[in-house]
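Heads up: the first sequence runs through residues 3 to 824, numbered per the numbering used here.
Subject to a maximum C-alpha distance of 30 Å in a straight line, what follows is the list of computed DSSO-like cross-link-like pairs (lysine-lysine):
id: 1; residue 1: K298; residue 2: K380
id: 2; residue 1: K425; residue 2: K152
id: 3; residue 1: K641; residue 2: K669
id: 4; residue 1: K563; residue 2: K454
id: 5; residue 1: K298; residue 2: K227
id: 6; residue 1: K453; residue 2: K490
id: 7; residue 1: K370; residue 2: K227
id: 8; residue 1: K641; residue 2: K655
id: 9; residue 1: K530; residue 2: K215
id: 10; residue 1: K134; residue 2: K98
id: 11; residue 1: K752; residue 2: K641
id: 12; residue 1: K453; residue 2: K153
id: 13; residue 1: K298; residue 2: K186
id: 14; residue 1: K655; residue 2: K13
id: 15; residue 1: K454; residue 2: K152
id: 16; residue 1: K592; residue 2: K609
id: 17; residue 1: K325; residue 2: K250
id: 18; residue 1: K526; residue 2: K32
id: 19; residue 1: K121; residue 2: K12
id: 20; residue 1: K683; residue 2: K752
id: 21; residue 1: K423; residue 2: K360
id: 22; residue 1: K359; residue 2: K309
id: 23; residue 1: K425; residue 2: K215
id: 24; residue 1: K98; residue 2: K109
id: 25; residue 1: K34; residue 2: K521
id: 26; residue 1: K536; residue 2: K754
id: 27; residue 1: K423; residue 2: K293
id: 28; residue 1: K215; residue 2: K563
id: 29; residue 1: K194; residue 2: K487
id: 30; residue 1: K380; residue 2: K360
No lab work stands behind these hints: they were computed from the structure.
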Amino acid sequence: MEYNAQNLEKKWQEYWAKNRSFEPSEDFTKEKKYILSMFPFPSGRLHMGHVRNYTLSDTFARYYRQQGFNVLHPIGFDSFGMPAENAAIKNGSHPKGWTYDNIEYMKGEFKTLGFSFSKERELATSDELYTKFEQGFIIDMFEKGLLYRKKGLLNWCPHDQTVLANEQVVDGCCWRCDTPIVKKDMNQYYFKITEYADELLADLSKLENGWPKQVLTMQENWIGKSNGLEFDLFFDDMSLSKLNNTFKSFDVFTTRPDTIYGVSYTALAPEHSIVTYMIENSLISEEAIAKIKEMKNTSSIDRQKEKSGIDLGLHVVHPLTGKKVPAWCANFVLMDYGSGAVMAVPAHDERDFDFAKKYDLPINAVIKPFDGELESDKAYTEVGELFNSGEFDGMNSKKSQYNIIKYFEENSIGKKTTNYKLKDWGVSRQRYWGAPIPFVHCDDCGIVMEKKENLPIALPQDVEITGEGNPLENHPTWKYCSCLKCGKDAIRETDTMDTFVESSWYFLRFCASPANWEKEAFSKEQIKYWMHQKGHEGVDHYIGGIEHAILHLLYARFFTKVFRDLGYLDFDEPFDRLLTQGMVLKDGAKMSKSKGNTVDPDALIEKYGADTARLFILFAAPPTQELEWNDSAVEGAYKFIKRFFDRSSNILKTDTIPQIEHASLSKDEKFARKKVYEALKRANDVYNEKFTFNTLIAGTMEAMNALNTQTNSEVWTEGYWILTSIMEPVIPHVCWQISNENFSLNNLSKQKIIEEVFVEDSVTLGVSINGKRRCEIEVSIDASKESIIDMAKEKAAKWLEGQTIVKEIVVPNKLVNLVVKG
RNA sequence: GCGGAUGUGGUGAAAUUGGUAUACACGCCAGACUUAGGAUCUGGUGCCGCAAGGCGUGGAGGUUCAAGUCCUCUCAUCCGCACCA
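Please construct the entire structure, taking both the sequences and the accompanying hints into account.
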């Protein structure tokens, strides 16, 4: 029979659907595996990155099913978000229609790719049922004080007309549309993720064995913990009266308390409250005010280009020396880190040095190298010996930090503090296509939570999406309601939630039995089973792109900890093992529509079939590496499958694996068996530890090549019994076909390794002289060391002439090395 | 600047973790079958050299009987963060 990918694949896809082949069991006594790939946004159709992602998770899922595990391999759609609204504006469609049409199409693509997802647990985060439970969690978090509303300076994208979280600002621009963001003062809801900063950082150590180092480092840097000294700088009398006694002091933070005696000025952020006060009360010149205002309006990128500042004409008193130190306003001081003010030590900090040089401020060195001279043309930032530092003179600067902090604490003039770069997560968005925030604003009662029995607060369908303003705000009736406390007229919150809220708990929702979907988000028992087993917590294999290293993966970790503290679950981390796949490239660049270098999965499947697409993707590179697309290599994958299918005509039909008497076989037959079982060994290694599917496939190809050198049909049959089993996770359709025709599907299960095939009566050893390979010898497996050396000497006689052998090394089964002199 | 990775044939990549470098595949070359081949099968293919032989894992050293693998220095590329006090 001819290999016809299309017919054969369709047949098995129908079979799997009809037999509910991939639904997890509700039997919680079985050992489980939870395999999850990051769910897609329903943008319209799958791209190759998706295909790679889901091929990887599918391969794990199918393998573990064969091994007898109860496997949860769900999929859903991260279906709220801006593109649906943008499409609506462009095409005059409704975001909901656009989204759900796309979902239908993409589900069809999943099917044609043969992905073994659970159909019954499919969800879209824009489903009202999903919104209902999410809003419930939001209310819980508000009650616990983990969600709050405050007015503040926010990242505003003028193009998307919405607020962005800090994590969503990339190089000062919107992560989605690349528009430079501006700061806007407005009300916004925040999750108190900073309350978990320490735990989010500390628990990274629990992930060390399962997560890529790169991701751990990125999260560590993002949280950005630093320890240091915090203290107040007090104004001198003249400054006090200049400020009308409104401010007595301000707070500064430093990680270098050892440089305290070198402080020669202090600098405030342009947004600092003292600077604002001085502007409002005209305490500095018009010219200075204009300059500070300009600093504030400069984008963060431009602000980095050159340091500039204004002398505020104020002085503070140095806490240890009592000397007067000038106070400046400087553009390099950030308002949202620490207290928005710094002590400046130009002698030992590059930024402070640049600024001091520019404005001719004093530079007081207090640390010198242990040996060598201090250079005066740059800041000395290394460890050294303290001088000009009062009672701390002569100390190691690193060690002195402890003593100086202690001195501040003992004298109640400062304290040890920890600062984080991580900010609270701003979650409200001024857009329509998102989950409404379930609160009501009452003139008398303030923010009032919606009652859980009223959930979901669903989106109105009859909206006009114009791109101007918030459609919920503009809707004629939706926002008008009555206060849930006092009954008076009230206004519904019209902001919706950041879509990252949905993706922060979807992996928990998948644990819920569809039978209880209406009733509850998930149950503790279900979560316990799927997320917690054998000392491991979380999803067993989580697979997705590195681009989520911070955003999604940090938020999901935060939610897990919050849900734990709310009593919904009892573990700390959501993902036990994380596999970050590499990008899919073509012509050396990331596949993208704008570059016009995409390959359409649908067209590929139509031409070659899903098995070919899957095989190529897994064979061309290990999962974590970039994958360079190559049309002729795709062709090669197709040819392999075809050969694999054609040669199955050598198999004898059987329901059990043939029992072969190894000793009676010919050399080629023995070799073929050895190659087959080597492939099996390698497969176990790859699926459980290494995940380098390219080598597993190469092993199968080697075994195929070896089988083809002999004609024993029992050896062929055994070979196919095993090879179709280990390849089934990779190229499922053709393997099910071959297995069904010949083995009644009995071989798609755990396979036993037979050790006797690896036992050989002779072995080829390489012979090296001084480590240089010269020739090889074939020796019997039980040959003595002496006889091996004799044989080696004989065979290598040519290279040994006139030489004295000084050392003889035999590495069993590998090589002989003769060390000579002469 | 800080942090994380990666450098192996013409190409994608292997190497049992210190033991015969380049498995497997793509490409290329030759042959067979063919009216034909962008089909199929067989063989060859690291580089230099007619050969003997020599040289080869970004570069330079080192440890070792033995180094792609370990150590030191260095170069290049990619990614992330970045005036974080």
